[in-house]
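Novice: Sequence:
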Amino acid sequence: MTYTSSGSDEIAELLIHIGRSSRGEDLASPLTAAQWTCLRFFARANRVSRTPSAFASFQVTTRGTASQTIKTLEEKGLLARFRSDRDGRSVRLEITEQGNETLNADPLADLMRLIDLIKPKERAAFLATLSLLSETLAGLKGAQAFGTCKACTHYTSSDGGGYCACIAAELAPDDVGKLCVNFGSGDVVPDSPILSNKIRKGRAQ
1 MTYTSSGSDE IAELLIHIGR SSRGEDLASP LTAAQWTCLR FFARANRVSR
51 TPSAFASFQV TTRGTASQTI KTLEEKGLLA RFRSDRDGRS VRLEITEQGN
101 ETLNADPLAD LMRLIDLIKP KERAAFLATL SLLSETLAGL KGAQAFGTCK
151 ACTHYTSSDG GGYCACIAAE LAPDDVGKLC VNFGSGDVVP DSPILSNKIR
201 KGRAQ
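Quick note on numbering: the sequence shown equals residues 1 to 205 in UniProt numbering.
Read the hints as simulated data drawn from the structure, not as lab findings.
All C-beta atoms, glycine included, are put in the ideal place defined by N, C-alpha and C.
Any given hint could be a false lead.
[Stated by the list, open to error] Straight-line Cα separation of at most 20 Å, EDC-like style, residue types lysine to aspartate or glutamate; simulated pairs: (1) Lys71 - Glu97; (2) Lys178 - Glu97; (3) Lys178 - Asp106.
[Stated by the list, open to error] Using C-beta positions, here's what the derived DEER-type ranges look like: (4) Ala80 - Lys119: 37 to 45 Å; (5) Leu130 - Thr153: 18 to 26 Å; (6) Arg20 - Lys119: 21 to 29 Å; (7) Leu127 - Asp174: 15 to 23 Å; (8) Ser67 - Gly7: 37 to 45 Å; (9) Ser8 - Ile118: 19 to 27 Å; (10) Ser8 - Ala80: 23 to 31 Å; (11) Asp159 - Thr65: 39 to 47 Å; (12) Ser8 - Asp159: 40 to 48 Å; (13) Arg89 - Asp159: 31 to 39 Å; (14) Cys166 - Arg63: 16 to 24 Å; (15) Phe82 - Phe126: 30 to 38 Å.
Start from the sequences, fold in the hints, and give me the full structure.
Specialist: Written out as structure tokens, the structure reads:
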């Protein structure tokens with residue numbers, strides 16, 4: 001049987017290839033690819049999502065594997081562990097000053113610079129499409145979808161910050177653009193000429 005490319009397979013392979021190439025490890029890198037992902041997550045997650053279980057969901061891995069990665073970053077002084085302000089039993093993790101300094105050498109920087117070269121309108125459409133793909137794939141796999149407040153059904157905007165109905169709390173402006181484990185996906189992705197109605201229908205099923 002002759003294999004015929006539909007174009008979709010090429011896009012999928014390119015996404016995987018770009019991800020692997022951009023996070024490629026070298027001998028000079030202070031962290032492994034998994035450790036970079038962990039450090040980025042805690043730098044970008046909002047305060048309720050800076051937990052081992054939230055990172056495990058984001059990484060689509062086991063709690064044990066996620067905890068081991070976190071432990072390594074704590075030992076390196078890049079993450080610090082605190083008791084939760086909400087219940088005193090759970091923990092939250094915060095990126096340290098050294099962790100922030102380490103992110104200056106993030107291997108994703110080259111890819112981010114290339115993305116910055118894309119025209120703003122096209123970049124917004126690209127982000128919308130990737131966000132929709134991410135949400136839909138998470139639903140198909142039974143995994144937790146992650147996103148930011150502006151695309152979340154729990155969020156109500158207010159004076160730069162907002163209100164989260166999921167945790168019944170006011171949100172500071174700094175929290176609005178951060179990743180959240182309580183993300184509620186809905187048909188709130190901005191319209192884009194490259195969005196597919198079939199993807200939207202698939203997410204609704």
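Novice: Could you run down the list of hints and mark each one as holding or not?
Specialist: Against the structure, the hints come out as follows:
1. Lys71 - Glu97: Holds - the C-alpha atoms of Glu97 and Lys71 are around 17 Å apart, at most 20 Å.
2. Lys178 - Glu97: Within the cut-off at roughly 19 Å; holds.
3. Lys178 - Asp106: Between Lys178 and Asp106 the Cα gap is close to 18 Å, so the pair holds against 20 Å.
4. Ala80 - Lys119: 37 to 45 Å: holds, 40 Å
5. Leu130 - Thr153: 18 to 26 Å: This hint holds: roughly 19 Å between Cβ atoms.
6. Arg20 - Lys119: 21 to 29 Å: Holds, since Arg20 and Lys119 (Cβ atoms, about 26 Å apart) stay within the stated range.
7. Leu127 - Asp174: 15 to 23 Å: holds, 20 Å
8. Ser67 - Gly7: 37 to 45 Å: Cβ of Ser67 to Cβ of Gly7: about 40 Å, so the range 37 to 45 Å holds.
9. Ser8 - Ile118: 19 to 27 Å: holds, 21 Å
10. Ser8 - Ala80: 23 to 31 Å: violated, 43 Å
11. Asp159 - Thr65: 39 to 47 Å: For Thr65 against Asp159, whose Cβ atoms are near 40 Å apart, the range 39 to 47 Å holds.
12. Ser8 - Asp159: 40 to 48 Å: holds, 43 Å
13. Arg89 - Asp159: 31 to 39 Å: Since Arg89 and Asp159 have Cβ atoms about 33 Å apart, the given range 31 to 39 Å holds.
14. Cys166 - Arg63: 16 to 24 Å: Since the Cβ atoms of Cys166 and Arg63 sit about 22 Å apart, the hinted range of 16 to 24 Å holds.
15. Phe82 - Phe126: 30 to 38 Å: holds, 36 Å
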